[in-house]
Amino acid sequence: MNLHTLKLKIDGIDVECTEGSTILTAAKAIGINIPTLCYLDGLTPYGGCRLCIVEVSGTSKLFPACATPVASGMEVTTQSPKLYEYRKMVLETLLAERTHICAVCVANDHCELQALANQHGIDHVSYERNWSTNKIDSTHDSLVIDPNRCILCTRCIRVCDELEGVHTLDLKFRGKNADVIMDQDEPWVKACSCTSCRKCAKVCPVGAIYVEGENIETTKIPDVAAFIVERRKRLK
Amino acid sequence: MRLNLTDVEKLPSGETSLKDDKRRGMLEKVLKDHDYQESALLEILHGAQEIYGFLDKELLTEIAGVLNIPHSQVYGVATFYSFFKLRKPGEHVVTACLGTACYVKGVEPIIAAIEKEFNLKRGGSTEDGKLSILQTRCIGACAMAPILSVDDVVIGKATKEVVIAHIKKVLGETNSETV
Ligand code: SF4
Ligand code: SF4
Ligand code: FES
Ligand code: FES
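For the record, the sequence lines run as chains A and B.
So for the first sequence, my numbering puts the first residue at 1; every next one is plus one.
So for the second sequence, my numbering puts the first residue at 1; every next one is plus one.
Calculated directly from the structure, the hints in this document are not laboratory data.
Each statement offered as a hint is correct.
No more than 27 Å apart at the CA atoms, straight line, and that leaves these computed lysine-lysine pairs for DSSO-like:
no., chain 1, residue 1, chain 2, residue 2
1, A, K176, B, K116
2, B, K29, B, K88
3, A, K172, B, K85
4, B, K169, B, K130
5, A, K28, A, K82
6, A, K135, B, K88
7, A, K135, A, K172
8, A, K190, B, K88
9, B, K121, A, K190
10, B, K88, A, K176
Heads up, incomplete: computed chain A residues facing chain B, CB under 7 Å, no partners named:
no., residue
11, H167
12, D170
13, F173
Far from chain B, some chain A residues (derived; all Cβ distances over 10 Å):
no., residue
14, K28
15, L62
16, A96
17, D109
18, V125
19, D223
20, R232
21, L235
Beta carbons: idealized from backbone N, C-alpha and C, even for Gly.
Pulled out of the complex, with its shape left as it was, chain A reads as follows (with noise of 0.2 Å):
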């Protein structure tokens, strides 16, 4: 493989690195945190939430860090004052998407997009809420899915196909009406393909896929997918 370095500036900062890196891993290289919500390292990036939204000179439009490959001589900014209301209003939108109260949370204080919220100021929602009473599917041995906190980023979906193999979740219809399914949107004790191994619940978020009567510190172990990769690389 001949891979092309490449120089680009990020905040200001000279950075170097190898052609096809996105602008989320350059800036991370340089001790540079920009926030995100449905990219994990380990998976591939899906480019869903918005949330890692940076500006690029010499255009008004604003790109995803996460999925936006880097290319030479590009300058980026991670944080302006745009960036951070963007931001704000994205985490707005989700918090007003569903039913999300944290205080009868599993995952309260141990919730990434709670965290977010606290990090940009948002202690209330300027949006009209969507009490969303979607079902909750308790009927697995020891995982437990509510839909109503569930932000669809699709990193369950993505740790169960890529790295459980199985693939027994995906996402059913779109838009408003989009649902995590277990096999043929069956109830999760039915999914064939499961193989229990709770992977989904270590690397979600929120606190919309638990493992019942575990404490949330225990589950919630989204570093699972970057060890993973690393360990898989002894098997080549």
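Using the hints, position chain B with the ligands against chain A.
This is chain B with the ligands only, laid out in the frame that chain A set:
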């Protein structure tokens, strides 16, 4: 032991699509024409719906199995496009526009009234299979909102009284035909 993916539950209607041998042969041909390629999933679903009229879980399970695509993925694709029907449509079909204009002009209470009057749920059919309600997105006639259609008849600036009366008429006609 749990991995018996072909043992799907039948739909409540008890309709199983895969019994009919002739249609089965046609499905086989569609699959073969596309070389059993995963990438041809959309075309194959399209062809299958043409043959069977709708795609139930048993049919989707079969297609997923033959193409070796995860079941949830096939189901995801089939539900993503409103073109695909997952249930056997009723003899008569009411289609309600849920586009923004129709929504704002109150299509929702009309749907609810039909559901109540004929005892069925949106997306489903009455027990006798005579009537079903489907939802669609903007059909581009917003000036006439709210819009519903009953079979081929489009009703603009609809009210629940007019639509229900029309459905009753349509259902009545079938009855007199079959008597
Ligand atoms: S437990 Fe494992 S196999 Fe089952 S849905 Fe979750 S990730 Fe997929
Ligand atoms: S269940 Fe959790 S991981 Fe899966 S899509 Fe919803 S929020 Fe994301
Ligand atoms: S983290 Fe980049 S779009 Fe979600
Ligand atoms: S919204 Fe119903 S026709 Fe446009």
